[in-house]
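Spelled out from the first residue to the last, the chains are:
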Amino acid sequence: MEVFFQTLVGGLSFGAVYALVAMGFSIVYRTMGLVNFAHGQVVMIGAYAASTFYMSAHLPFALAIVVAMAVTGAIALVIERVLRPLENKDFDLMLIGTIGFGVVLESVATIIWGATGHAVPTPVDTAPLDLFGIRIRTYSLVVLLIAAVATVTLMLFLQRTKRGAAMQAVAMDHEAATAVGIHVGRSNAIAFAIGAGLAALAGALVAPMLYVNPTLGGSLGIKGFAAAILGGFGNIPGAIVGGLAIGVLDSFAAGKFQAYSELVVFLAFTVIIMVKPTGLFGERTVNRA
Amino acid sequence: MRLRVAGVAVLAGVAWYLPYQLDLYGIHVVDIAIVFALLAIGLGLAMGIGGQINLAQVAFFGVSAYAVAILTTKAGFGFWTSAVLAVVAAALVGLFVGIPALRMQSHYLGIVTLGLALAFTNWVTNASITGGADGVSGVPVPPLFGIDLSSEYLYYYVELVVFGLALAFALFLVRTGLGRRLRAMRDDSLAAGAVGAPVPVLRMTAFVLASLYGGVAGVLYAGLIRYVAPETFSIANMFLLLAMVIIGGRQSIIGCVVGALALSLLREVLVDFAVYAQLGFGVVVVLMVVFAPTGLAGVPARVMAVVRRGRTAGERAVLRPFQSGGSAPRPGAALEISGISKHFRGLKALVDVSMSVSPGEIRGVVGPNGSGKTTLFNIVSGIYPVSAGRASVDETVVTGRRPYQISRLGIARTFQNLRLFRQMTVRENLLVALDRSSMWSVWRYVVWPVGIWRHERELRTRADELLDRFGLTDFAEAAPGSLPYGIQRRVEIARAMAGDPVLLLLDEPAAGLNGQEVGQLREIVKSIRDSGVTVVLIEHNMGLVMSLCDRVTVLASGSVIADGTPAEVAVRPEVIEAYLGDSMNTAEIAAEVEVS
Amino acid sequence: MSEPSGSAQALSPRGDEAETAGLVVSNLSVHYGGVRAVNSVSFTVGAGQCVGIIGANGAGKTSTLKALMGLVPRRAETIRFGEVDLTKVRPNDVVRHGIGYVPEGRHVFPGLSVEKNLLLGAYVRPWKGSTRDTLTEVFTLFPMLADMRHRLAGALSGGQQQMLAVGRALMSNPKLILLDEPSMGLSPKLIDDILTVLQKLSAAGHALLLVEQNAKLTFEATATCLVMENGEVAMTGTATDLKTDHRVRQIYLGL
Numbered sequence: 001m002e003v004f005f006q007t008l009v010g011g012l013s014f015g016a017v018y019a020l021v022a023m024g025f026s027i028v029y030r031t032m033g034l035v036n037f038a039h040g041q042v043v044m045i046g047a048y049a050a051s052t053f054y055m056s057a058h059l060p061f062a063l064a065i066v067v068a069m070a071v072t073g074a075i076a077l078v079i080e081r082v083l084r085p086l087e088n089k090d091f092d093l094m095l096i097g098t099i100g101f102g103v104v105l106e107s108v109a110t111i112i113w114g115a116t117g118h119a120v121p122t123p124v125d126t127a128p129l130d131l132f133g134i135r136i137r138t139y140s141l142v143v144l145l146i147a148a149v150a151t152v153t154l155m156l157f158l159q160r161t162k163r164g165a166a167m168q169a170v171a172m173d174h175e176a177a178t179a180v181g182i183h184v185g186r187s188n189a190i191a192f193a194i195g196a197g198l199a200a201l202a203g204a205l206v207a208p209m210l211y212v213n214p215t216l217g218g219s220l221g222i223k224g225f226a227a228a229i230l231g232g233f234g235n236i237p238g239a240i241v242g243g244l245a246i247g248v249l250d251s252f253a254a255g256k257f258q259a260y261s262e263l264v265v266f267l268a269f270t271v272i273i274m275v276k277p278t279g280l281f282g283e284r285t286v287n288r289a
Numbered sequence: 001m002r003l004r005v006a007g008v009a010v011l012a013g014v015a016w017y018l019p020y021q022l023d024l025y026g027i028h029v030v031d032i033a034i035v036f037a038l039l040a041i042g043l044g045l046a047m048g049i050g051g052q053i054n055l056a057q058v059a060f061f062g063v064s065a066y067a068v069a070i071l072t073t074k075a076g077f078g079f080w081t082s083a084v085l086a087v088v089a090a091a092l093v094g095l096f097v098g099i100p101a102l103r104m105q106s107h108y109l110g111i112v113t114l115g116l117a118l119a120f121t122n123w124v125t126n127a128s129i130t131g132g133a134d135g136v137s138g139v140p141v142p143p144l145f146g147i148d149l150s151s152e153y154l155y156y157y158v159e160l161v162v163f164g165l166a167l168a169f170a171l172f173l174v175r176t177g178l179g180r181r182l183r184a185m186r187d188d189s190l191a192a193g194a195v196g197a198p199v200p201v202l203r204m205t206a207f208v209l210a211s212l213y214g215g216v217a218g219v220l221y222a223g224l225i226r227y228v229a230p231e232t233f234s235i236a237n238m239f240l241l242l243a244m245v246i247i248g249g250r251q252s253i254i255g256c257v258v259g260a261l262a263l264s265l266l267r268e269v270l271v272d273f274a275v276y277a278q279l280g281f282g283v284v285v286v287l288m289v290v291f292a293p294t295g296l297a298g299v300p301a302r303v304m305a306v307v308r309r310g311r312t313a314g315e316r317a318v319l320r321p322f323q324s325g326g327s328a329p330r331p332g333a334a335l336e337i338s339g340i341s342k343h344f345r346g347l348k349a350l351v352d353v354s355m356s357v358s359p360g361e362i363r364g365v366v367g368p369n370g371s372g373k374t375t376l377f378n379i380v381s382g383i384y385p386v387s388a389g390r391a392s393v394d395e396t397v398v399t400g401r402r403p404y405q406i407s408r409l410g411i412a413r414t415f416q417n418l419r420l421f422r423q424m425t426v427r428e429n430l431l432v433a434l435d436r437s438s439m440w441s442v443w444r445y446v447v448w449p450v451g452i453w454r455h456e457r458e459l460r461t462r463a464d465e466l467l468d469r470f471g472l473t474d475f476a477e478a479a480p481g482s483l484p485y486g487i488q489r490r491v492e493i494a495r496a497m498a499g500d501p502v503l504l505l506l507d508e509p510a511a512g513l514n515g516q517e518v519g520q521l522r523e524i525v526k527s528i529r530d531s532g533v534t535v536v537l538i539e540h541n542m543g544l545v546m547s548l549c550d551r552v553t554v555l556a557s558g559s560v561i562a563d564g565t566p567a568e569v570a571v572r573p574e575v576i577e578a579y580l581g582d583s584m585n586t587a588e589i590a591a592e593v594e595v596s
Numbered sequence: 001m002s003e004p005s006g007s008a009q010a011l012s013p014r015g016d017e018a019e020t021a022g023l024v025v026s027n028l029s030v031h032y033g034g035v036r037a038v039n040s041v042s043f044t045v046g047a048g049q050c051v052g053i054i055g056a057n058g059a060g061k062t063s064t065l066k067a068l069m070g071l072v073p074r075r076a077e078t079i080r081f082g083e084v085d086l087t088k089v090r091p092n093d094v095v096r097h098g099i100g101y102v103p104e105g106r107h108v109f110p111g112l113s114v115e116k117n118l119l120l121g122a123y124v125r126p127w128k129g130s131t132r133d134t135l136t137e138v139f140t141l142f143p144m145l146a147d148m149r150h151r152l153a154g155a156l157s158g159g160q161q162q163m164l165a166v167g168r169a170l171m172s173n174p175k176l177i178l179l180d181e182p183s184m185g186l187s188p189k190l191i192d193d194i195l196t197v198l199q200k201l202s203a204a205g206h207a208l209l210l211v212e213q214n215a216k217l218t219f220e221a222t223a224t225c226l227v228m229e230n231g232e233v234a235m236t237g238t239a240t241d242l243k244t245d246h247r248v249r250q251i252y253l254g255l
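Respectively, the protein sequence lines represent chains A, B and C. Heads up: the first sequence begins at 1 in the working numbering, then just goes up one per residue. Heads up: the second sequence begins at 1 in the working numbering, then just goes up one per residue. Heads up: the third sequence begins at 1 in the working numbering, then just goes up one per residue.
Worth flagging that the hints you see were computed from the coordinates, not collected in a lab. Even glycine gets a Cβ: it sits at the ideal position worked out from N, Cα and C. Watch out, some of these pointers could steer you wrong.
What the hints assert, rightly or not - Taking beta-carbon pairs under 10 Å as the criterion, some of the chain C residues facing chain A (in silico):
(1) ASP93
(2) GLY100
(3) PRO126
Unchecked claim - The list that follows gives simulated cross-link-like pairs (lysine-lysine, PhoX-like), each with its CA atoms no further than 25 Å apart:
(4) C:LYS200 <-> C:LYS189
(5) C:LYS189 <-> B:LYS348
(6) C:LYS189 <-> C:LYS243
(7) C:LYS216 <-> A:LYS162
(8) C:LYS216 <-> C:LYS200
(9) C:LYS243 <-> C:LYS216
Given these sequences and hints, build the entire structure.
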């Protein structure tokens, strides 16, 4: 039983990170109908940027995260601008274009930080909490808390602000959005930047939990995507549930199947998406493209 | 043609004498490049020809290479036996990976195939049978009539022969029936289904083809290196492969090969700057996608286009008049629609629609926007399932069948917004529809290619006749998108007629046509009916409907509100109300109809 | 302006220069691929005037409106609104010059609440102060929208969505409103409601350009009408004249 809860808690803190990655996927998909295949690599850049500013520049961890988010946001603006001619035209080409950007980001990371990667010390080094015999790392709680705050902020942004409403409007009907005066390209760029900011946050938070290296993006990206699909693509609350579910599944798979956990997660994901392509909470059709 | 033969001969000569110019390292690089070229052909077939995003190509490669290694070292099979089993294993994995393509396309398919590729990598790095991260070593040298294939020079010639055959097969495939169907599916899967191409089977075929090439590449790789380890089949290599295909030009097999060879060699040249090379490949892929989506293979065509723009062509291609066919050997088919309803999530698009069209009739279906006309066509042609009711053609129930099955029953259609296969020539557009051979006949590709070739020649003759009949001969080699709209409309009708249908559904055939073209259309439709085809047309051009149709059915808000001869229908108050919003002065109109 | 009078008077368009602001279009053409959807169409809509464009499906009416909004590629000698040359205005800035657009098929934002839809109509204005007043006015004109303000727009019926689309266009406080087939798919009763709304808007001083298939509605709502056929203006005249002209029916019914 203890093992069960231990695994559950571990899974939830990773799940929170996947949820952030998934929200980044979702907000871009929601506004542009595009799956950004470079999203995982943006997460990786975020992890590197945050940990570098934290460890080498000795910035406070929170500030390092903010700087990393700004860095990835800027990268996202570049990606969106370069691929804008293909928007609403050829989705397959855009997909390949984002893969190209992913390769670029990975090699840039290797050039800047080397191929070996580095470990990041936990920024919260108080002793683990002991709850009925279950040891919970304080940092896990911090991750869950920050992820929750980020989610609430995003929801408030989408629901309470003019810009947020405009972004949703663009997603639903870009022609009608243009007619009421919304600049669709700018709205998309902002969505892309927000997605990248979330990616950086996820990367920064996961850095002390994993070993940061240039290939980090691949598996984080695809698990985040799996989470997004599981929650019904484009659905923000769904992304959170999906993220937590994938985290827990991952955690238990690691316990049960050890090294084969990725295999199990990806197979499970394939089966789920085959059976229910719209995800658990999704209503949209799969093939927006 | 002669030039092409000479070119191939020169290339073969160069390939033959190449090893004499290379040192041991050089020949090794070339041997590896050929393996990548095979992989690229497979990826090009799936993505460029079939339009199926496939990010699991390295997994197919890996399955086969590992199968050879494991079967030879652990199960004691001979190399060639293992090779055959390995290719079979790769094809089976290809089938498995292809299953998701039946349910999803584009981005979703990309992520699923990528996930499965990662799952494969995860498995080989951890399983004991694959030797974990250490891989499997000690694969035997492939025996071949006493030739020592441990020499990479001699192995080169084995690869060259296999590669030559594989390339020739791919080129043959792309230019004949199966490849044409794949390309049609890539350009427009809906239209491909409507002209009889079995889309689900084709999607699986695309993956099986990719995996067969991956399998062959895996066998060659295992025989060459005689050691397999996980990093060869990493995602990084998958993306390298993707870069090869995109840079070379995914829709051209030759382009894929050129891309693969170029990038393989470039990678070796830049081996000390591997990261920068990777960065460069990424940048080039992005630039290609935005500025040159057809890759290197598209460069000649672009140059030609620029050159041609300079001088105007001497002879202008002309659209010749349509030649009406002979008399009717048969009356056409009867269409019976009974009680069809269609709901889209609560929205009632069609409510209990019934109508019957007699053999040899021209029936008009009219009604205001959003009255459900196109939905009705989509149901009869199998694109939408019905919510209730059924449609039958000559007693055969068509509802519940797939579009390609319905097409094979002799029901053809055109689309409101022209769905031509845009990246194929006009002739190829017709050939796709002319080809009624079943998918089972693909066995001939392996066993009896001559049969394929004969069938192909016969199809081409019939395509020429069809082009001639529709006056399109001058445009046979043109891309549909480059033609004036009126001609595109005619091409679409010709394509629908290629399947020799008994029932033809025309969805707004006069939209966008000028007065003269509408007149030609009227003659074409009449002649089509006279050659034994029942015609149902949706049309907003009421002049055409009134002068062409035997009977007219009026739909409004998803229900039939009137049915009768054009003169009868035009004076019905409810019809005038649906069109004009009022029913004033019907008597006057009735009087006018009498006069006209 | 904020008295809840219930009359549409409160909704009168902004600006005192309303008299000078008219829409002048000459030689407007629209091509899609090889199709010529609109061919050299010219017309004017004076300030506060109501003009209708009628014609059968596919006559080029919708393309004309979209071209005015810059939503489709177009060619034109002039598209001028008051002092503004609309050919040089980006699509998303057209609304800033006082032109509201009610698209064909309504195109409300289905996943957002009624109130959000309306507020997005006022995207170019600050969401405080006078926009709140406009919102109150729209709710007075369409009390039904006030009752459903928190409902998702996608959950409304067709008629309600049409009212919402009109309300959304009003939120930008336009001098000219372009309406594309507001009667599409609506029952005769609802079409009467639309007519009432159009008459109120006109009475309040908005210029209207109404594109319709429903000729009866158009004749009652507008003073001047154009009849389009195959992308060209086939006839022009006052609504009263055209109402009794047989050629209109011939064009529609292909007699």
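Evaluated hints:
no.	hint	result
1	ASP93	holds, 7 Å
2	GLY100	holds, 8 Å
3	PRO126	holds, 9 Å
4	C:LYS200 <-> C:LYS189	holds, 17 Å
5	C:LYS189 <-> B:LYS348	holds, 19 Å
6	C:LYS189 <-> C:LYS243	holds, 21 Å
7	C:LYS216 <-> A:LYS162	violated, 40 Å
8	C:LYS216 <-> C:LYS200	holds, 17 Å
9	C:LYS243 <-> C:LYS216	holds, 8 Å
Figure legend: structure checked against the earlier numbered hints; the only hint not met is number 7.
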